[in-house]
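Q: Below are the chains, spelled out letter by letter.
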Amino acid sequence: MSGRRGLATGVLLVAVPVLLVLMTCGGGIDWLTPGRLLAALRGELTGTELALVRLRWWKAATTAVVGASLALSGALLQGLFRNGLASPSLVGISGGANLASSAALLGLTRVTALAGAAPVLVPVAGFIGALGDGSLVATLARRNGRLSIPTLLLTGLAVNAFLAGLLAALQSLSLAQPDILRELLSLSFGKLDDRNGGHALTGLVGLVVGLLVLPFVARSLDLLQAGEEDAASLGVDVPRVQATCLAAACLAASCAVAVAHQVPFVGLMVPHLLRRLVGPGQHVLWLAAPAGAVFLLLTELVQVRVFGLGVLQPGVVLSLLGGPFFLLLLREQGRELRSW
Amino acid sequence: MRGAGALVLTTAALFLTSCERATGPPPPERARRVVPASATACDLVGALLPVENVVAVPAQAEEHSTWGRQVALDAELPRFPSYLAEPILRVAPDLVVVDAYQSEDTSRRLAEAGISLHRLPVIDDLDGAWRALTELGVALGRSDEAARLIEGQRQRREALAAAAATRRSWRVLAYSNFSGQGWTAGGGTTLDSMLTLAGLTNAGAEGGKTGHRRLTHEELLAIDPELLLIGAGPVEGAVSPTLTLLRDVALLEELSALRDERVVVLPSHYFSTASHEILGGAELLAAEVAAREPSLR
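Going down the list, the sequences are from chains A and B.
Residue numbering for the first sequence follows this note's numbering, starting at 8 and increasing by one per position.
Residue numbering for the second sequence follows this note's numbering, starting at 138 and increasing by one per position.
Keep in mind the hints are simulated off the structure, nothing from the lab.
Zero decoy hints are in this set.
Some chain B residues well away from chain A (every beta-carbon gap over 12 Å; in silico):
| hint | residue |
| --- | --- |
| 1 | Ala209 |
| 2 | Asp262 |
| 3 | Asp264 |
| 4 | Val275 |
| 5 | Gly289 |
| 6 | Ala298 |
| 7 | Ile360 |
| 8 | Leu380 |
| 9 | Asp385 |
| 10 | Ser393 |
| 11 | Asp397 |
Chain A regions said to be covered by chain B (calculated; three or more residues, Cβ under 8 Å):
| hint | region |
| --- | --- |
| 12 | 58 to 65 |
| 13 | 199 to 206 |
| 14 | 311 to 325 |
Some chain A residues close to chain B (C-beta under 7 Å, calculated; not the full set):
| hint | residue |
| --- | --- |
| 15 | Thr55 |
| 16 | Ala125 |
| 17 | Pro126 |
| 18 | Asp186 |
Yeah, the Cβ is synthetic: ideal placement off N, Cα and C, and Gly gets one too.
Please take these sequences and the hints and turn them into a complete structure.
A: Here you go:
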């Protein structure tokens, strides 16, 4: 990618998220005029209007942070796996979070005294589940102290299948209580509405850690694309880079799914779309976070405008986009997969 | 060491604070702009307040709430598809009535915006519904209306019990199956309460079985109730999907209730009610049973 094109893309990826955040703050059920938004920034709004702007602001902030974290996590994992089909869900992060959040929610419905703690305990459980599962997959994929990428991929698949079985068992236990089942199902398709500062901040922690890691791994990941032995001969500490990338990707995605639950396909689609836009290389890693924020803010804005607020959860629209996208990728990568 | 202790104590205090469910500021003495956030809340609020005081309803109000079906809701009345803070904030209510299971995240956002919340208890039977009505009456500043309603219902319950005493207690099974899995209601459910109020025996609760539970065709045949109680389904005027399924399964021709056409179809809002409308459902059911009495003998 030429320097000018990269700079233009970078500027766009900073300006567009800011614009989309402003649009999310302005638009929900109806639009607030730019004048009212400016009034909000000047602290002149009160009552319902102020509450609405606050609600939309935290939704926008959480959406941006979640999109950025998932895309960054996906870019790191795709670089690590040297496979464009890798995403946070592949190493069990989404599945682990969903299972733990569902178990916590189900448990809380049985302990009335703790029912009010759901907004705190469910994300905490999700975070522990995501990180725990990511760590388990990484540990199981180690051979003689080294991370085996094909084993990691297959271990992720096996653990995901196991988690899906456990989740189905939990949902099955709740079939007799439709109200609780409805809440459990809502965890499976993500939630970006009614978030607050705590949600945005939790997501931000993972994102910042992921971004801080980038300067130390971006070039090494580029070199790793030619193979581990070649990268090692060029001075890359392969085990250290692999462990750092995996930890950062897990942490970023864990924080995101803890606050927004399962938001699928962002980690898969955004790095791909970026590669098409700016070509392969480490700049995909650098641009992944702002591009992820843009992608999720835009899909959420469009789906709210088209279907209305609260009609569809973000995961529904993303699955409808991501499923065909994944199939397209499979077709394109068919030759590589046959030889993998 | 002291710092770590303080951190643990602060975290524990924050956690304990977070365990309290959001209620927002105290409600006004007489709430005038109320949002019932579920079908059950619609029934209870609608029983105590004039419809003009309801400023938004959940989208399912017209299908699953008896009040929503009986009152001609204004087409302009805002309806929200799911329990989210924004559509509720938009109508600036002075009280939101929420069910026990509804999202605590949303309730917190409403409370943070200065909206009062009243949380309904879990309702399993008519007595529970009356307790909920009494508490809601206090929150709405309409305790007298709640007391009058409960007294009227008490008299209707006595009349229902007196009529039931003159009939045999038929074995009735509440059943629903939309071609996925069959379900019945055991003890401790609102449907069990409805059957009991109508003077009937809940065949789904035999053997001490409780709660909503799955029921295979084999179990259905083994129970072989004298009468089947099913819901009408989501499409008004259409044949109940459960009834269609029951008639389509050849094996179930052996069910005596089906063979002798002893199937009572209750409107969906009664079949799924979790409010004081359990009594209305029981009265309707008792009337249906009384009308079929000759065929049941």
